[in-house]
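Trainee: The listed protein sequences correspond, in order, to chains A and B.
Take the first sequence: its letter number 49 is residue 49 in UniProt numbering, and every next letter is one higher.
Take the second sequence: its letter number 934 is residue 934 in UniProt numbering, and every next letter is one higher.
Everything labelled a hint here was simulated from the structure, so no lab data went into it.
Check each hint, because a few of them may be wrong.
[Said to hold, decoys possible] Part of the chain A face toward chain B, derived, beta carbon under 7 Å: (1) Asn15; (2) Ala64; (3) Ser68; (4) Trp72; (5) Arg75; (6) Trp76; (7) Arg90; (8) Glu98; (9) Val101; (10) Ala104.
Just so you know, these numbers come straight off a predicted model, no measurement behind them.
C-beta atoms are modelled at their ideal positions from N, C-alpha and C, and glycine is treated no differently.
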Amino acid sequence: MSQPLKRGRSAPKLNRACMLCGLVQSLSQFRNDGCPNCESVLHLGDNEDLARECTSPTFEGLVAANGSESSWVARWLRIEHFVPGLYAVRVVGKLPDEIRVDLAQQGIDYRPRDGTVQD
Amino acid sequence: MSGVKPDPEVKREALRELTHVKPEDDDSLMDSSQQSIPDGQEPKHEDDGLDDLEDEDDDEDDEDDGEDEEESLRVRKKSRANRFLDVEAEVDNDEDEEEDDEEVAQFQREFVDDQQEGVDEALGADRLHRKLDRTRERLDEQDAQELADQFKQRYGRSASTRYMGSTTNVSQRLLLPSVDDPLIWGIRVRNGKEKEIVKTLYARMLNKKGTSEVYSIFQRDNFIGYVYIEARRLDAVNRIIEGLPGIYASNKVLVPIEEYPDLLRPGKSDEIQLQPGAYVRVKVGKYKGDLGIVDNLAENDLEARIKLIPRLDYGRSSTQSVFESADGEKKKRGPFYNSKFRPPQRLFSEIEATQYDSEHLSTAKRDRGYYIYRNEEYIHGFLYKDVKISQLETKEIKPTLQEITLFNSGDGSEGIDLQSIATSIKDASEKAIQFQTDDRVEIVSGEQSKMKGKVVAATDAKIIRVLLEGNQESGVNNTIVEVPVSGLRKVFLTGDHVTVIHGVHSEESGLIVKIEDNQVTLVSDQTKKDITVFPNYLMKSIDSSTTSSQIGRFELHQMVQLNSMTVGLIIKAEKEVFTVLCTDGRVLQVEPRSIQNVLDINRMTEKTTDKNGLEIKVGDVVKESTGERRQGNILHIYRSFLFLKSKDVSENTGIFVVSSTDVQTISNKGSIVSAFKTPDLNKMNPDRLMPPPAAPIAAARFSGRDITLNQHVSVRKGPYKGKKGIIKDANGEVARVEMHNPAKITPINKSDLLFELRPGTFIAYEQFLESYRVRRSGFGGAPITIGGGTSHGGYSTPGYGGGSRRSGSSFTPAHGGEQGGKTPAWSSGGKTPAWSSAGGKTPGWGSNMGNGGKTPSWSSNGGKTPAWGSGGKTPAWSSGGKTPAWSSGGKTPAWSSGGKTPAWGSSGGKTPARGSSGGKTPAWGSSGGKTPAWGSSSSGWDTIKREE
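Pulled out of the complex, with its shape left as it was, chain A reads as follows (with noise of 0.2 Å):
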C-alpha cells in the first residue's frame, strides 16, 4: 500500500500510450497482450521491442472515454471505436517507418498523434 491514497480501482502504472490509438496502459499490458484497438495491425503482443517502438512513454492530456459513439471527444479524438479506456490526447513519437509502410499496405491511414497533423 504505498499509495494508501488511492482507493477502488487503481490503475496499473499507466506509462506508455499507444502512437496509432492513443491508448494508455502499462509497457507489460502491452508487451502481454498487445494494444487493444491496434493489436490487428501492430500485433505488440509478445514482441517487447515492437511494443516500446509502437508506444511512448511520452504523452499528455488523459482521456477516459466509455467507448460510446455519442461522445464528442472520443469522436474528436477519432477513439470512438475504440475500446473503453484511458486514452493520450497527444502521444509524442511517430511510428517506426516500416510500420507506417506495413500500415499504409493495409489501407490503414496513420495520422501520428503527437500534434504534427493539422487539419
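Mind docking chain B on chain A? Use the hints.
Mentor: Just chain B now, with coordinates in the frame of chain A:
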C-alpha cells in the same frame, strides 16, 4: 486443428472476438454491451484493484496480474453455465456476452463446435469430467489462444480491417462540435490530482450505476486544477463525482461549445519539432544546463543523439572518491557529478585520456578523431550521447556566444548552423513578431489555412486582421478575417530587401535569395553571408545600411569600458565582435562579453580645454597642433582624450584619438552658449567660485524690507522692454512689477529693471543698490554719477577668447552665463585665483567696498596694490560683472587710482572701448604696457591680446 477445416468466414469472425475488437457499425451490439458492462465487470475490477495494490510497481507482477485477472474472469464465467456456453464465453469478447445477433451467434457456435471437436480429439477426455478439470481447461484455453494466433498469422491482412480507426480520413473540421453533442463541464479539482481523478472517475464510469451518460472524462496538463467531464446531463456528472475527495464539486463550469476543440488541441501548433542541428539543453545529470546540438534523432522521436562539450577530468577525481567511499559500495563507477560540482567544459583530449586514464580509452578510428572513452563516444573532441528527448529542454534555447564559440572551437569546420539556431529559438518569443499593415501574409492554421492576404490592422498584439486576397477561391477574397499571430506567416518574394527583426540575426538586413516552405534565406548586407530565418522574423525594409548601428546593448560610437584601465570607443560594430579604439590609440577586437560596460558619459560634462585653455566640447572642430595636424569633429571626450572623427582620415573609419593638450579649436559648435544646456566650468571650479562681487553681497547685506519695493521702474530688457511700472513685490532677484500698461503684474529680474531715482532719471539695479548703500552708510558724499552708470545690454555674456599662453597668466575664461557677467574673472593663469596676487598679501577684500575711503585691505603692499575704491571714487566695480581681469605677478593695475580708472563699462562711449565701440583700447593697467588691451569685437570681448 486437425480434421475439420473451419470456414474462413467463421474464423475471421472468431478472430474478431479473440482480438477484442468490436464489430463495426453494430449499434445494437454496442448498446447491449454497454448495459451489460456494469453488472458483468464490477467484480473484475475489484479483483483487479486488489491485485494492483499488492504489487504496484513491478512489471513482472503486472504480467502475472493480467493472467490472474483473465483466469479469474474465465473461471467465474465458466462456473455459471454449461460447457458449451462456457466455451463460448471463453472465446467471446466481454462486451459481446449477451450477443443477440443470430447470425453471429450461429457462426460462433459452429466455430466452437469445430474447435471443440479438435480439442476433444486431442485430449481424448471424457465430456462429463472436463467440467471439473481446470488444468485441462487451461490447456484448452491455450489452444484457443494458439488458434487465434495462427489465424492471425494466416489471415492477418483480412483481420486488419477490424482496426477501427475509421474516421481518420475525415477532416477534423467536420468533427467540430455541434449543439447535439454532449456538454462538457469543467470541474475544479485539487491541483496535481487531475490525472488521478481521471483514473478514479474512469473506474467509476465503468462500475457505478447511472453514470452511463458520462461519455468521457479528461484532463490536460495545460489546464491545471481542472478535470473535464463530457455528459448530457449535469446529474450524471454529479453522480459520478459525488463523494470523491479532491474534487471541488461546487465549482463547475460549463464549457462553451466553441471552446471544445481548444480543450483537446493536441499541442500548440508552434511547437518545435526537434530537428538535427537544433540546440537543446540537457535537463538532468552531469551535463545539466549544458548546450547540446542534436546530431540525430531516433526513429520514434523519443531519443536524440546530441553533441555536447565533454566535462571530463580523466579519472583524476574518481580515484579520490573511490578512496573516500572505501567503506561503502565497491561499485563506485566514478565521482558523483551534478550540475554544481563537475569538471569544466573542455573538448576531449586524447593526450590526457591516455595519460591519466588509458585503461578506459579505446580508440576506434583514431584517424577520424573517434574515441570511445568510458563507454561514451567522442568525435572530434565532442561527446556524442543518446539522450531521451524528455530529458532535453528544446524550447527557447538561446545559446550564448560563449557556448557557440566552444562548439566552434572543435576542428570540425561546420560553423554555426544558422538554421538550427533559428529553429531552436523559434518560439523564444512570439511577441517579438510584428505584423504591420500591408504585410503580405499567409494563414497557416485554422479553417482558412493556405489563404493569402494582406494585413489591414494589427490592433491587438496577438490578433491580426487580414484582408484575404489573391486566392483561388474567389469567394473568400475581400473578406476580412481575424487571425492569431501564431497562425500567420509572412510572405516574401525573392529579391525583397528585408530586415531581421528578431532572433540571433536581428538587426541584420539583406536580400532574399531563396524561400522555402517556412524558411527564408537572405544574404546579409552586413556579413555577406547567407542567413536562414523564419519569415515571421523578417520585415520589409528599404533601408540598406551596411553597418548595423546597434548590436545588443552596444552602439557604434559608444564609449565602453573594457576593464578598469581601458576605455575605448566602438568604431566598428559587427556581429559578435566589436572594434574598439582605446584611449591609448590601440585598436582592439573584442567580443561583446569582454566589454565590461557602457561608459555612460553625460554630454554635459564632456568638456575639456584645448592647448590654449579654451573650452572644447563634443561637436567642436579641433585640429592637432603637432604631428599630422589632423582635424576632426569631437565625437567624445574622455578625460583629456578626444575622439575625433575626420573625413580625411581613412583608418579606423576616420576616428582617431588625441590628447586635448595637443589640439586647438577651429570652431565651436554653436556660437551661443546655451545657459541651461552647458554647465559653467567656472562654477565647477571651487577655486574660481568667488564671492560674487556686488549684487549678491549687497543683497545679503540688506535685510528687512526689500529696498526695491514700490519703486518706479522701467524695464530695460525682455519682452516688456520700455514699459514702466511699480514693483509690488520682490523676492531675491525677482521683482513682481505692476505694469502701467498693460495693467498686470509680471515677475521680472531686478537686473532687468531700471529704477527711477527721481522723475526722469533711471538707474540700473546695481547702481540703485549702490546708491542705496551709500545713502545708508551716511556717506552721501559721492553719489554716483548716473550717467556713468553701466551699460549692460551688450555684454552680458562676454566670451573672452584667445589669450596667449606665453605669459603663463591671465587667460580669462568665459564669464558665466546667466549672471550676466557678474562673475569676476580673476585668473592668474587659471591656476590660482589671482587674487592673492603678490604673495602673501591676503587681501581683505571682503570689506564693504562702498565705504569710500576705507581702502579694502586687499591692497597691502604699497604700490603693488590696487588702490581701488579709495576715496569715494568708487570705481564702477561694484556694478557686477565689470570686473576686470587682474593679471597677477606684480603687474597689478593700479586701477581706480584717481582719474586713471577707466570707467570701464560705462555707458555711452565715454569709456574706453571695452565692449562697445571698437578700437579704443584703454590701457587700463598702468605698469609697463603689460596691460591687456581689450579688443572689442561685435560679439563682445573675444580676445585679449597683449600688446607686447
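Trainee: Just pull the numbers of the violated hints for me, sorted ascending.
Mentor: The structure conflicts with hints 1, 8, 9 and 10, although it agrees with all the remaining ones.
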